[in-house]
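Number of protein chains: 2
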Amino acid sequence: MDFFFYPSSVAVFGSFREGAIAREILRNIVEGGFDGKIIPINPRGGSVKVAGESFEIRPKLEEPVDTAIIAVPARAVPPLMDEVGPLVKGAVVISAGFSEVGNEELERELVGRAGKYGVRVIGPNCAGIFGLHGKFFGSFEVRVKPGGLALISQSGAFGGAALAMGNDEGIGFSAFVSYGNAADLNESDFLEYFADDPNTKVIALYIEGVRDGRRFLEALRYASSRKPVIVLKAGKSESGARAAASHTGSLAGSYDIYRAAFRQAGAVEVGEMEELFDAAKAFEMYGKAGKRVAIITNSGGPGVLATDRLERLGLQMAKLSGETVDELRSFLPPQCSVGNPIDLIADANYERYRRTIETVCRDENVDSLLVICVPPIFVPGEDVARAVIDARCGKPLVVNFMAGELVRGGVRLLEKAGIKNFPTPERAARAIHWLSLR
Amino acid sequence: MDFFFYPSSVAVFGSFREGAIAREILRNIVEGGFDGKIIPINPRGGSVKVAGESFEIRPKLEEPVDTAIIAVPARAVPPLMDEVGPLVKGAVVISAGFSEVGNEELERELVGRAGKYGVRVIGPNCAGIFGLHGKFFGSFEVRVKPGGLALISQSGAFGGAALAMGNDEGIGFSAFVSYGNAADLNESDFLEYFADDPNTKVIALYIEGVRDGRRFLEALRYASSRKPVIVLKAGKSESGARAAASHTGSLAGSYDIYRAAFRQAGAVEVGEMEELFDAAKAFEMYGKAGKRVAIITNSGGPGVLATDRLERLGLQMAKLSGETVDELRSFLPPQCSVGNPIDLIADANYERYRRTIETVCRDENVDSLLVICVPPIFVPGEDVARAVIDARCGKPLVVNFMAGELVRGGVRLLEKAGIKNFPTPERAARAIHWLSLR
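Chains as they are written, first to last, in our numbering: chain A, 1 to 438; chain B, 1001 to 1438.
Since the hints were made in silico from the structure, they are not lab data. Misleading hints may appear alongside valid ones.
[As the list claims (entries may be wrong)] What the simulated footprint calls covered on chain B by chain A, stretch by stretch (three residues with Cβ under 8 Å from a Cβ of chain A suffice, anywhere in the stretch; the number is not a length):
id : region
1  : 1235–1245
2  : 1272–1282
3  : 1295–1309
4  : 1375–1388
5  : 1395–1405
6  : 1416–1425
Owing to the predicted nature of the structure, the values given are computational and were not obtained by experimental measurement. The beta carbon of each residue, even a glycine, is placed where N, CA and C say it ideally should be.
Working from the sequences, and respecting the hints, build out all of it.
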C-alpha cells in the first residue's frame, strides 16, 4: 500500500470550484509540500489556482499515477473505475451515497470494477488519507505535524477531530486513514500495513465494529507484536451500539467479545477520546515502562493526586534504596521529603530537579519516573524543563507541567526535545499505566 | 468574613524588594484594580513602585484596616499580632515555618495572640486569598476572571495550578482561599461562608484531610443545601494517604468514611483534577439537570462515544416523542437520523442546529441536551455556535465543540454568551452526569 501513503504521483477527481471538496484536497496536497506529480481532473477542463500554484485541469487521466483521489457524485464512481483502472494502483473514494444510505448495489459495482484492474480501494464515504512521511495530504482534514502515530479511523469526523486535537496535544503523525464503508480495504489491512511501516511507531484505531472478527484478531495480534496498538471502541453500551448501527452500519456485537479480543491480541484498549491522545503521546515516546514508579514534584498536593491514581491503576510506588535516600539527603534542603513522592518544595530549581532525576533514575528499584512541576514562583518553568531535558536518565520519564500560561514556555521547550507534557497529575499517571500494559 | 473577601482597606507586611513575595502580592492587588486603601509595611520604610503606582512603605501600621496580609519570617509573626491586633479584623499569614515543619508551639502562639484581639487568621503557610467581586487579589497566584466559583484549597500549589488552568478552561471565580495549616479558620468555616456569599454559585473544595469530621460534615451539608459543592479528596489510596500525611500533616483517614460523608452531605465528589474543572464549569451554568438526555450532533462517531459514556454513568438516552420525530422529519434532510443521537450530518448549518435544538427542547421526554459539533467543512463553526446561543431552550444544554484551532472562534463566541465548552464528547457527558447528581 505504499502507493497510498508514499505516492510519487496522484490524480484528484472532482469539482475545483471555490469551496468544493476536490479543491480543498488539492490545496492540502500542494500546501503540504507533496513533491510528486499532481493532476487535477474534471471533464470540463479549465484551470485552478491553489496556494499560489496554477494547475491545468485535465479532462481525463491519460498517464499512470499511483493513486486517484475521487470526489465525484456516487453514480459516476463505478464508470470512472473503468477509465482509470489501467492507470492507477489505488483509489481513495471520498464520495458518499453508497451502502451507508442503502446503495449496496452501487458499492458492489465500484469494488467489482476496481478489482478487475487490480485497483485497491479506500472508502467510499471516507475523509481520505495522509501519508506524512511521503508529504502527502490526501484529505480535506486539517494538516498535522509529522511523527510516529498512524491513526486509523472508521469515522471520518472522529478522525478529523482527532487530527485537529492531536495538533493541540503536540502529537506527531506518520499517517491517517479514514476508511469509511470499507468496501475493499478495511481496518485489518491497515493494521497489517502500519505494523510493517518503518515510520510508524504506534498505531491508534477507532472502530465501531468489524465484519470479519477472526481476520481482525489476527491482524491486531500481528500489529501488536510489532508495535503498540491503541484501540478506542465505540458502541460499547446498548444505546451506543444502536447508534453505531445507524452511523456506520456496524453490528457492534457484544462488547465483552471485543474486549477479550483486544486483550488476547495484546492491544492497549482506552476508554475515551482523551485517553487515546494520552496513550498515543506516551507510546510515541516509549515502547513500554515497568510498574515501580518514582514521583518527583515541587508541590505536595499534585504528588498525592498522582500517587492515588497510580495505585488505583495497579502500579506501585517504588521503594527507594537506602543509597538513593542517602544521596538525595546529601544535596537536598532538609525541608524536602525524600520519601516517594519526593517533594523538592516550591523553590526547586534547575540543579535540584536535574540531580534528583539522575539519582532516582539510577535506583534499581525504580522502573519509571513521573516528574511534576507546578508554576514555580521565583524559578522560571523553563529552568525546570531544561533540567528534565538535560538529566541523564535512560528510563521512561513522564512529565506533568501545570498550569496553563504559566508553564507554556517550559512545555514548549520540552516538546522541542521530544518530551510530551500531560496537563494533570492523573493524566500523567495514566500515561505510565498504558506503557506498563505492554 | 467579608473583611477577607470584600475588604475596604488592606495592609501588606513583608519585603518589597524585586521578586519578594510581599511585593508580588502588592502588585497583584494593584493590578487587580482594588479600589480601597493599600498600605505596604516594612520597618525599614522607603517606597515601592508596582504597576506604575508608587507607595510609601510605612514602618508600622497606625490606622485600622480590614485585613493584613503577612509575609514576614515565621518567628516575627506572633509579635506582629500584638502590633496589629487592635487595628485589623483578619490576618492572612503567608509565612511558612510553623506546624508543617514541626513548630507547633509557634503556631499556637500566633493563634493565641490573634485570638486575644479577636483577629481571625487564614494560614499560616498558605498562598493567600482572592475576593474577585471585591476586586481583591491578596495572593501571589495568577489572577483569574470573575465568575461564580469559590475554590477552597488545602494545598496552595494545587490551588495556584487550578487557578491558572481555570483561566484556560474559561472558568469564572468568585473567590479563592488557600488555608494552609488551618491554625484558626479551616475548610468548614469557608464552606459556611461561601454557602451564604451571594456572588458564589458553586463551591469547589480540594482536601487531603480534615481534623474535625463532625463539624466538616455539618458544614458540608449546610453548604450543599444552598449550592453545589464539588469535592476532590486527595490521599485516597494507601500510598496517597501516606504522602498526604507528609505533605499537609493530614491524617487522611479511611477514604470510605469520607466518601460516605460526601454522599450523605449531598456534595458532588469528583475523582480527579480535570473533573473538578468540568464539574465547576457545568455548575457555573446550571444548578442541576435531569437524567433523560438528547444528543444532537453533526457527526456519528462522537455521538456514539457520548452515548456510551452517558449510559455507563447511569444516564438515559431520552426517548423522543412521536411529535418531536415528526417535526424533525419535516425540516431535516432525509439522510439525517432522527433517533437519539440525532445526527444532523456534516453540512448542518445554523438553521438546522437551531431548529433541532428548539424542537428537541420542547419534548417533555427530554431533560437535558448534549450538543456536539465537529469542525464543519463548509459551515463556519461560528455559525453553529450562534445557533446554540440563539436557540430558545430553557433546559440544561451542554456543548462539545471539537477540535482545537478549527472551532476556536465558535468556542470563543459560546464563552462570551456564558456557554462553556467541553472538549471531548465524554467530558460533556460527564458534565451532565455531575449536574444530575444534584
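#### Entry: Numbered hints the structure breaks, given as an ascending list
none
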